[in-house]
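Novice: Here's the letter readout for the chains.
Protein chains: 4
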Amino acid sequence: MKDTFGIRSLGPCRVESPLDCRFFVDDDGRVLLDATLAACRDCDGKPVALEQAGPRRRIFFEPRSVRAAVVTCGGLCPGLNDVIRALTMVLWHRYGARSIMGLRYGYEGLIARLGHEPIPLNPDVVADIHKHGGTILGSSRGHQDMGEMVAFLAQNRINVLFAIGGDGTQHGALEIARERERRNLDIAVVGIPKTIDNDISYTQRTFGFETAVAISQIPIASAHMESKGARNGVGLVKLMGRDCGFVAAYATLASSDVNLVLIPEVPFRLEKVMAFLESRLQRKSHAVIVVAEGAGQDLVPVEGADASGNKKLGDIGVFLKKAITEHFSKIRMPATVRYIDPSYMIRSAPANADDSVFCFQLAEKAVHAAMAGRTGLVVGIWNDHFVHVPMEKAIESRKKIDPTGALWQSVLDNTGQPANLM
Amino acid sequence: MKDTFGIRSLGPCRVESPLDCRFFVDDDGRVLLDATLAACRDCDGKPVALEQAGPRRRIFFEPRSVRAAVVTCGGLCPGLNDVIRALTMVLWHRYGARSIMGLRYGYEGLIARLGHEPIPLNPDVVADIHKHGGTILGSSRGHQDMGEMVAFLAQNRINVLFAIGGDGTQHGALEIARERERRNLDIAVVGIPKTIDNDISYTQRTFGFETAVAISQIPIASAHMESKGARNGVGLVKLMGRDCGFVAAYATLASSDVNLVLIPEVPFRLEKVMAFLESRLQRKSHAVIVVAEGAGQDLVPVEGADASGNKKLGDIGVFLKKAITEHFSKIRMPATVRYIDPSYMIRSAPANADDSVFCFQLAEKAVHAAMAGRTGLVVGIWNDHFVHVPMEKAIESRKKIDPTGALWQSVLDNTGQPANLM
Amino acid sequence: MKDTFGIRSLGPCRVESPLDCRFFVDDDGRVLLDATLAACRDCDGKPVALEQAGPRRRIFFEPRSVRAAVVTCGGLCPGLNDVIRALTMVLWHRYGARSIMGLRYGYEGLIARLGHEPIPLNPDVVADIHKHGGTILGSSRGHQDMGEMVAFLAQNRINVLFAIGGDGTQHGALEIARERERRNLDIAVVGIPKTIDNDISYTQRTFGFETAVAISQIPIASAHMESKGARNGVGLVKLMGRDCGFVAAYATLASSDVNLVLIPEVPFRLEKVMAFLESRLQRKSHAVIVVAEGAGQDLVPVEGADASGNKKLGDIGVFLKKAITEHFSKIRMPATVRYIDPSYMIRSAPANADDSVFCFQLAEKAVHAAMAGRTGLVVGIWNDHFVHVPMEKAIESRKKIDPTGALWQSVLDNTGQPANLM
Amino acid sequence: MKDTFGIRSLGPCRVESPLDCRFFVDDDGRVLLDATLAACRDCDGKPVALEQAGPRRRIFFEPRSVRAAVVTCGGLCPGLNDVIRALTMVLWHRYGARSIMGLRYGYEGLIARLGHEPIPLNPDVVADIHKHGGTILGSSRGHQDMGEMVAFLAQNRINVLFAIGGDGTQHGALEIARERERRNLDIAVVGIPKTIDNDISYTQRTFGFETAVAISQIPIASAHMESKGARNGVGLVKLMGRDCGFVAAYATLASSDVNLVLIPEVPFRLEKVMAFLESRLQRKSHAVIVVAEGAGQDLVPVEGADASGNKKLGDIGVFLKKAITEHFSKIRMPATVRYIDPSYMIRSAPANADDSVFCFQLAEKAVHAAMAGRTGLVVGIWNDHFVHVPMEKAIESRKKIDPTGALWQSVLDNTGQPANLM
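Protein chains in written order, with numbering that gives the first Met the number 0: chain A, 0 to 421; chain B, 0 to 421; chain C, 0 to 421; chain D, 0 to 421.
Looking at chain A on its own, in the form it has when it is part of the complex:
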């Protein structure tokens, strides 16, 4: 099983790193996948481990020969500009690279015929971009033709590609890395995983997630005030989380004003939700509900997928608003439902302080990995250490909340909601 976490390499590292030697990471450095005593004991001395991230003493690329490119894909996420800025600063100041281009509008930027001129990146251009949300490069969803993309890289003699995006993006990046391998091109493809949902495997946290939780406090506080401002007011907030409830769960723990959280990992029946709401309103006259966008999809079935290939979701927020209103109307209990969908305001926010730090660290590690000729990997953090994760592993499944784990227990403690809504 260990081998599956092995990292691809462009070849032997023959160049001396220009960096301060005090900081080099040992090529053998590995971080245990499972940091518990039991795992260490039961592994026959062969525990599964992830390659440690960081600068290497010997690197693959002669720094001045580097021609790097950066691409941002998929929906907006706090911290995109922080990552773009840090990649540029570290490449430029630490390694002395002088050719860095920002590709426009996601993978469209690798399709020559679309004519999106790349933005040359340097310290002046990126100086203040991290103060603003969004991405200065623009983004887009969806795949592009592999042949055209690799042709673009070859024509522009790009030998380092940083792909900032979610699992669709990393899937595309992996394809490029494989194509590169087939054609035997020296192109390092390094991913920085971007998922505001925080559902990439083998990384305990993704950038933008903490900011999303922080900004979520605004609509939750609004829902709280609205719910208390009317007799039997119900404040309903839909948050990110297609397949997992991390944003919903953390936002709830941060607020402590939420009375019910619904997430994709924990199924529920509508009658149980209504029964809980009735009793809550009878006792307290107001209630706040947070629902992850991917929760309760059995109630709102839809067909199809978006340009990124993500399965389309039924709108559980609108559904619940209507269902609750109708229920209380039917039982002749006056109730007022206020529904808030803050997603654009969350995902377009600038990164908060902690995410800015994290983005800088991730970007540094990504640059170190690429300079050392590592490819087909994403940088992540696991058991509180920065690591390299093979792209295949990062996208093989999605991280989810364990309904029997400590996080969900904290949520139940915090909200007082029933553990079982089925």
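Heads up, some of the hints might be wrong.
Since the list gives no way to pick out one identical chain from another, each pair is judged satisfied if it fits inside one copy or across any two copies.
Below, simulated DSSO-like cross-link-like pairs (lysine-lysine); rule was C-alpha separation at most 30 Å, straight line [to be verified]:
# : residue 1 : residue 2
1 : Lys271    : Lys311
2 : Lys130    : Lys283
3 : Lys321    : Lys311
4 : Lys310    : Lys329
5 : Lys311    : Lys392
6 : Lys310    : Lys392
7 : Lys310    : Lys321
Rather than coming from a laboratory, the hints here were simulated on the basis of the structure.
Since the structure of chain A is provided, determine the placement of chains B, C and D on it from the hints.
Specialist: This is chains B, C and D only, laid out in the frame that chain A set:
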């Protein structure tokens, strides 16, 4: 014409005010309706003027005999708790009143059979409420039976009623004031106008408005980032403003990132909007639009009214989102529209600093007016002086943006949008 | 007396304005200095009035001939970049001016031998500057040689100068305007008054003031928390206000957590302050004090002046911290004083929404005034109308809080502090 | 070595936990101290490990017999109220405890003769306290008499004590735990480590730290604006960090506007700092410096200690301000130094979202530990797992930044400052 601005009074003021004599306002103090030189010259020495607000040397009520009640009606608005708090503090500490009750859920709180127990208000109860949005009293829309309401006031021996609400509320308060007159009860009815739209006549500003403009910067910044994050991105934000564009206009001036504002006072044709958008996207690849909820109602006709009697509005935001998407699809120009409706997050926010100051000042003036036996008035600010405005005048029409005035000129200067979209 | 409010002009206006004719302001428009009925009645038909600001039908400068310069002087103030941006945008887009230069580091920027290269200003350069505090032009204090400054203007053929600064700056601008007159040069000198203290005469508000009040809430909340976090905790905050207490007073009203405000306009004796504090701590175990930097200067006498010619102030904050600590030590009452001096954090903040709007409006009016050949004036707002104020009048004295007026009454109502501390 | 991480226990757990059985943590659960592969391999199957935190199937106390007390000690720190609230909520709702008292003003609250009445804690009292900074219990520094404290616990029949504080506090708590042992009393003493400096050993993060980093962005942005607002402006910010530079380092990484960070772990010579500054100002005309309060103490030697026993620090911020000003005056290079000391504003802030989540989780784990009869421990997080750390280990030394580690490397990458300033 002057008489129409005359303020009703419960009777002669025979009680010495307990306040510091340095601060008394002259009973004859009046503020000109029109502060220009031309108006002063052309009035034959009889300019129209409003009664100045402030503490009087002699007051109507013996302070310890005061039994005050406070009611908040209609939708949430930043500053409601500031006003409740300040009314309580000034009544309690300055005048020594000891009976102040907070009525629950708007005018429902004056309907005994609904059983909403009032909240006794005192400095401890209200100490920190201004730090939070919403209203600790709760609110509701709509009228209640006049007979029941006046009976409630009589039964509870309430002699001072503060009505915090919009023109529906002030209309109700005026009815109570008139009913009081008919029955010859000594009840002072004083309104604090609440309209986040800022459209009450004869007051240059209403509380909550500045906060609304401030919070609007968040969705506008989001729309800006979203619009730049996609090729030909269009960020669309719907803001408050049923009959007027004050929030939309000020939010635009504050942001300086908006390219087009649509308001109820300035009609537009859809083709002109699309033509402007096309040219904008061709030049800049992104655009930000702000639309007041009451704009373009000819495009989205609906029937009916809400519980407050406000005419129902068609959803111009959803309409525009669809129309723009379809238009660019039709002309085969790729474009991505992101639509944000932030209204609950705006109206439930706590008051910002400047609104908190204003709320305190308004509440003080309302208490002074009531103690002096003034009734059937709202407190306002005009030509930068606090004044008493007869309820009839305050609600006789709505304040609007003059499309030939300085404010709209500033908006056109700021956005660069065409003056004429018809 | 009226004449003294007359505005200088470079000469007759012979050029048609390129602006939309709907918005022109009548050259005869005047705003009453005193908007009360009594003033209007008692003026014999000749009330004192200020010239109304706004665009004129006929202007002095042919727009393409305009060579404008902008200078920012004195300490930082929220909104400087907003004003620079708006001056540039309105000159460029509305009037078609194409030569606009930003002078560096205050009046130093007009001294050729110092070698500060001006920054060319255009819509691209200023696009996002209003999102950040400070001034992109830099600033400095103090006067420079008049001959050198006028020579610089002549050499660079500058015919419109916008001076953004306090009364020292406007005094300098007035000197330039007078020198211009003597030399018969066609240079319009227009001031935008900048005083975070809000003490410029004949303008009800200056830009940056509201933001200062808003940001002051942070240290006051800190002082409040610190005071409650210790037995007999005393939180002490020093705020802006060399000669007036506007920031201190408004910040107090906005917070409603302050128990004592000390301002320059209201003298106090230390014993009275200590007696009030003792009784407050005995009752409540904590207290919050706000002191304006210019308060109690009789207690902390110093000599000298800064580079701007402002009298040096003794540090009343540090003095009070020490005095209170010593007093409670002497009377053996345990007390903990936490002192906060937040001034740099306040003055360097970006403008809040309401100030951004105001900055835009002021800058527009300044451009209109200059284009119409008005000179030796500052733009202001009075009785809620934008006006032109002759520089002599703006700087002849400083606006102060009236200790017998409504504002101070509100403060006493809000804090519960004794009216008399002497 | 492993034994030293063993956790004391009051005795065997004979009570069934009332909690949901799905969430129980195995009593044998351990988290590796070192999560690298090398450590796991080289430990002979006996790696050092920490006890895992979480709810146990069998607990020590019969819930209704619990009489809990909470005490907050030392300086303010964001999140204190979050912890107080969560302890109360989890004790009350999950375990059914009904006797919870908040002791006033730190360990003074355990000294009966001081007469500080405890505050009874329940869900109503703590409902909204997490929205505000500070601590509702008040705090104090310093030790109190052990005999008096244990007598207080005995008299009030307190059997669970939660001590929220830094290493002085945990040292005191450990003494209480030992005294309890000697007297054979059934009192569980559980610490929640509170250090805004983030320097408690064996916990990767302490609550309030992230908030401190976040709030630090305000003064750093101010320093940045001030530095750019003057010719050769130098913005200087002093941040928390008596013995370590974590706040300074993370705040710098978050801001990316800092040019030089000085921390206790990395010594420097003044000449080197000045040389760096000179070259920076010559190139860029402005500079931002962040200094941790404990940096450069060889330059500002002082004697003595505060009430908590912390060694007094010389004021390196004031020293540097003076030294820089004098240096540039001496070399006749104009420079303006703006110094900001924001510490009270940082430590009194409410917790940000991520810290609020963390506080809730820590408090939960603390309650679980106490209910299971664990004592003499603090709760922490290590390798991303919540753990129990014996108080002796937590306070035996302080966590510091490794000047050859990845964090300091990131800082050097971010600021561009020289690695060696000696």
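Novice: Since the copies are identical, ignore which copy is meant and state whether lysine 321 and lysine 311 lie within 30 Å (CA to CA) inside a copy, between copies, both or neither.
Specialist: both (20 Å within a copy, 19 Å between copies)
Novice: With 30 Å as the alpha-carbon cut-off, assign the pair lysine 310 and lysine 321 to within, between, both or neither.
Specialist: both (23 Å within a copy, 22 Å between copies)
Novice: Which holds for lysine 310 with lysine 392 at a C-alpha limit of 30 Å: within a copy, between copies, both or neither?
Specialist: Within one copy only: 21 Å inside, 50 Å across.
Novice: First find the shortest C-alpha distance between lysine 310 and lysine 329 inside one copy, then the shortest across copies, and answer within, between, both or neither for a cut-off of 30 Å.
Specialist: So lysine 310 and lysine 329 pass the 30 Å test across copies only (26 Å; inside, 34 Å).
Novice: When Cα atoms must be at most 30 Å apart, do lysine 130 and lysine 283 count as within-copy, between-copy, both, or neither?
Specialist: Classified as between; 20 Å across copies, 42 Å inside a copy.
Novice: I want to check one pair: lysine 311 and lysine 392. Are their C-alpha atoms no more than 30 Å apart within a copy, between two copies, both, or neither?
Specialist: within (24 Å within a copy, 52 Å between copies)
Novice: Using 30 Å as the alpha carbon limit, work out where lysine 271 and lysine 311 are close: within a copy, between copies, both or neither.
Specialist: Within one copy only: 26 Å inside a chain, 34 Å across chains, cut-off 30 Å.
Comparing the model with each earlier hint shows no violations; every hint is respected.
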